[in-house]
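> Taken in sequence, the protein lines are chains A and B.
If you're matching positions, the first sequence starts at 1 in this note's numbering and goes up one per residue.
If you're matching positions, the second sequence starts at 1 in this note's numbering and goes up one per residue.
The reader is advised that the hints may include incorrect statements.
Same chains, same label: a pair holds when it works inside one copy or across any pair of copies.
Here are the simulated DSBU-like cross-link-like pairs (lysine-lysine), alpha carbons at most 35 Å apart as the crow flies [as the list claims (entries may be wrong)]: (1) K14 <-> K53; (2) K17 <-> K45; (3) K45 <-> K14; (4) K58 <-> K17.
Simulated from the structure, these hints should not be mistaken for lab results.
Number of protein chains: 2
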Amino acid sequence: MWVLVVYDISENDKRNKVARELQRLGLSRIQRSAFVGDLDPQRYKDLVRICEKLVNGKEDILHIIPLGLRDWERRVVISGDSDGREAVPLL
Amino acid sequence: MWVLVVYDISENDKRNKVARELQRLGLSRIQRSAFVGDLDPQRYKDLVRICEKLVNGKEDILHIIPLGLRDWERRVVISGDSDGREAVPLL
Chain A
1 MWVLVVYDIS ENDKRNKVAR ELQRLGLSRI QRSAFVGDLD PQRYKDLVRI
51 CEKLVNGKED ILHIIPLGLR DWERRVVISG DSDGREAVPL L
Chain B
1 MWVLVVYDIS ENDKRNKVAR ELQRLGLSRI QRSAFVGDLD PQRYKDLVRI
51 CEKLVNGKED ILHIIPLGLR DWERRVVISG DSDGREAVPL L
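Please construct the entire structure, taking both the sequences and the accompanying hints into account.
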């Protein structure tokens, strides 16, 4: 299952921990606070469980959004870096 | 066409301007730097044009991702606020 994960987490340590956990689950970073990737059902459950544990600040919010692969391929990326940040490992 | 827009923009003024423009186009804010909504083809073109104009800092990046409405309805929102930030005007 392809998912996009985007979040606002105010506390640095917690935000970094979420990023590390998402990478550990095999998701690829596309922005500072946005990851995308393909998860099997067990890893998807792990994702929800880990995020429920870590996202607990009053202002914190995280979205897990299922993503059609064809939709993802039709994305538009606009970057101020002339090299393009699509150099970030995508899919 | 349903789209999700997520961005990293380092300069405050520019980031606020992008948020205002996305709201003006009719998108709904779901996080500090993430919007979602349904755009007709002309507004979609406006969106791309405006973002190309505003997203120009070296570290800046913005993704416009087409979104299936059924995928969007299957999202999981995890919030530290017990009231739930789903009170944010969604769709």
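> Work down the list of hints and note, for each, if the structure agrees.
Okay, the hints, checked on the actual structure:
1. Both within a single protomer and between protomers do K14 and K53 lie at most 35 Å apart by alpha-carbon distance, with minima of 10 Å and 33 Å respectively.
2. In the homo-oligomer, the alpha carbons of K17 and K45 lie at most 35 Å apart inside one protomer (18 Å), although the nearest pairing across protomers, at 37 Å, exceeds that limit.
3. Taking identical chains as interchangeable, the C-alpha atoms of K45 and K14 lie at most 35 Å apart only when both belong to the same chain, with a minimum of 20 Å there against 37 Å between chains.
4. In this assembly of identical chains, K58 and K17 lie within 35 Å of each other by CA distance both inside one copy and across copies; the values are 17 Å within and 26 Å between.
The structure fails none of the hints (numbered hints given earlier).
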